[in-house]
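Listed in order, the protein sequences are those of chains A and B.
Sequential numbering from 1 applies to the first sequence in this note's numbering.
Sequential numbering from 1 applies to the second sequence in this note's numbering.
Simulated from the structure, these hints should not be mistaken for laboratory data.
Predicted, not measured: the structure shown is a model, and the values here were computed from it.
Check before you lean on any hint, since a few could be wrong.
[Stated by the list, open to error] Residues of chain A placed beyond 12 angstroms of chain B at every Cβ, according to the derived structure: (1) 31; (2) 37; (3) 126; (4) 145; (5) 191; (6) 256; (7) 260; (8) 279; (9) 297; (10) 301; (11) 302; (12) 327; (13) 328.
[Said to hold, decoys possible] Interface residues of chain B toward chain A, partial, derived using beta-carbon atoms under 7 angstroms: (14) 68; (15) 71; (16) 74; (17) 79; (18) 81; (19) 98; (20) 110; (21) 112; (22) 114; (23) 145; (24) 148.
Just so you know, even glycine gets a beta-carbon here, dropped at the ideal spot from N, CA and C.
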Amino acid sequence: MTIQSAVHSGPSAAHGLTLFREMLGIRRFEEKCAELYSVGKIRGFLHLYVGEEAVAVGVTQALTPEDAVVSTYREHGHALARGVAAGPILAEMYGKVEGCSRGRGGSMHIFDASKRFVGGNAIVGGGLPLAVGMALADKLRGIERVTACFFGEGAVAEGEFHESMNLAALWSLPVLFCCENNLYAMGTALARSESQTDIALKAANYEIPAWPVDGMDVEAVEHLAHHAAESVRAGGGPCFLELRTYRFRAHSMYDPELYREKSEVEEWKKRDPIANFVSILRERGHADEAIIADVESEVARMVEQAVAFAEAGTLEPEEELERFVLSEVGQ
Amino acid sequence: MTASKIATRTTYRDALREAIREALHADERVFLMGEDVGRYGGCYAVSKGLLEEFGPERIRDTPLSESAFVGAGIGAALNGMRPIVEIMTVNFSLLALDQIVNNAATILHMSGGQYNVPIVIRMPTGAGRQVAAQHSHSLEGWYAHIPGIRVVAPATVPDVRGMLWTAIENPDPVLMFEHAALYNMEDDLAEDAAPVDLDRAAVRRVGSDISLITYGGTLGKTAEAAEQLARDGIEAEVIDLRSLRPLDTETIVASVAKTHRAVIVDEGWRSGSISAEISARIVERCFYELDAPVGRVCTVEVPIPYAKHLEERALPQVAGIVAAANRAVTGGG
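Construct all of the structure, not just a fragment, from the sequences and the given hints.
Following this line, the structure appears as structure tokens:
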């Protein structure tokens with residue numbers, strides 16, 4: 001699609017409901033994850049995306065099934081928006097062999113080759129060089145595909161961010177960089193870690209077209225992501241989106257949130273990407289109580305089925321512990 | 001050299017370049033990437049002439065961004081290519097350690113077998129050229145600690161020719177350590193030189209009195225020590241490990257079970273080293289076969305110094321290997 005066509009034809013009701021359903025699916029899925037964590041079904045680190053759903057849902061609208069996604073350790077939302085099935089994602093957190101990664105990765109390492117979802121990467125900035133290389137492979141073979149790379153604003157302090165920006169721009173590689181600026185690298189506020197807090201400007205300094213966008217507005221994100229992804233796909237080199245967002249919950253399940261005021265969180269919650277989008281859909285006459293209730297129950301079923309799938313899952317036999325250290329054909 | 005109708009005298013460097021050329025011709029997924037591999041021709045001239053033959057897309061000069069270009073190699077491997085990434089020297093590989101250890105080594109297992117990483121990461125290693133502490137270390141043993149990668153150290157001209165291609169065909173990350181002192185080494189290379197597998201050590205000299213276990217840059221010194229020992233009537237078996245991960249324990253055990261004595265020669269430091277690992281395996285498997293304590297000849301535990309006499313003193317030398325072997329054989333302990 002083009003930017004014009006979306007504007008001229010007006011937002012469609014069906015598409016609006018899709019965006020709503022996808023965002024709500026992430027929200028309800030993760031609320032369930034938090035619940036399951038508190039009863040010990042999920043262990044390890046669990047980083048929730050609540051508040052940031054418009055980013056994943058908006059960006060992935062611009063991707064085709066052939067495109068690839070490289071993600072972070074806060075990736076349930078990216079995975080769900082990409083179409084990775086909720087059951088295997090949750091089974092992964094349960095440590096079950098039916099999980100996306102056979103229970104070897106957990107919450108932070110969701111992989112699904114069938115969706116070209118190349119991992120949750122839990123080293124901040126560690127996924128950027130991988131995305132650059134994936135894009136290089138496509139360029140070398142003349143395949144018109146986009147590699148979308150999600151990372152947080154904390155990653156811009158890493159050398160790998162700067163090396164990757166330079167390399168992607170220097171070689172004009174088809175990467176869509178998606179910086180989720182939620183203002184805190186764990187507990188460190190952006191202004192406490194960066195001399196220059198304008199992140200899009202940093203990317204622009206590498207000659208990469210870069211735009212900030214309201215990451216709480218799913219349609220704004222989608223609109224810009226389409227524009228950027230088309231440019232990348234057409235061979236225009238990398239593009240950079242700075243998605244200004246906020247996480248409503250703690251960094252992980254261990255975070256007492258000493259570094260930010262409750263009032264700040266409450267202020268941001270007024271910009272809840274889902275609640276606000278529902279209001280917009282209502283104003284347009286695209287949603288009413290009955291429709292919203294339908295979407296809620298559809299999502300509730302999805303979550304319920306995911307829990308049932310994870311609960312019914314089995315543990316990988318311990319004898320298989322050493323499988324996949326090296327490829328089986330190579331051993 | 002094995003008997004072969006046609007053999008040409010060639011250097012380790014030229015054999016390696018020929019192996020890379022052959023791979024570039026045989027498989028369009030192969031490309032070479034690294035600092036100064038193109039216009040400069042490679043820091044050690046390994047890739048000289050390849051840019052002219054294959055062009056800048058496949059002989060790709062990179063900025064000084066080890067983490068990004070090694071990571072990009074891993075990403076390209078994840079996406080169907082067969083990259084060869086050259087790092088200028090082993091010390092610089094530390095700038096890419098995150099990508100090697102946290103990504104290349106983990107992704108296959110962490111993804112439950114979905115994504116393998118068929119990359120070859122080559123780098124010079126070792127000392128002996130008076131280039132001091134930031135260009136001389138031997139960290140291959142350190143990499144051999146990491147599950148999920150293969151670590152090879154070809155020590156001969158036929159091996160570097162034969163192992164590179166096997167490494168490229170391997171579905172997993174292979175780190176190839178080329179001792180910088182070997183690039184000018186000459187040997188006969190058969191026209192039909194065979195591929196060399198990545199799993200097995202080679203017995204370079206057969207002997208019955210002691211097993212000298214080494215790899216890479218110290219193979220030559222160890223072989224020379226074996227000749228000196230032979231003049232004194234001590235027949236040493238020389239084992240070239242070739243691969244540090246996996247370690248060919250069976251070849252080591254078979255040799256020590258025969259000779260009852262072992263000395264390990266390693267240009268790495270002694271503490272927490274591959275020589276310590278080999279020693280432990282010998283003790284685990286051959287304890288009751290041993291007639292003497294396992295000996296080790298390693299680099300003195302200092303950052304490698306510049307001054308020639310100090311550098312030579314720091315590194316394993318023939319005299320030290322002979323002395324260690326004599327101690328083991330005469331029962332001096």
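Which of the listed hints are broken here? 3, 4, 12, 13 and 23
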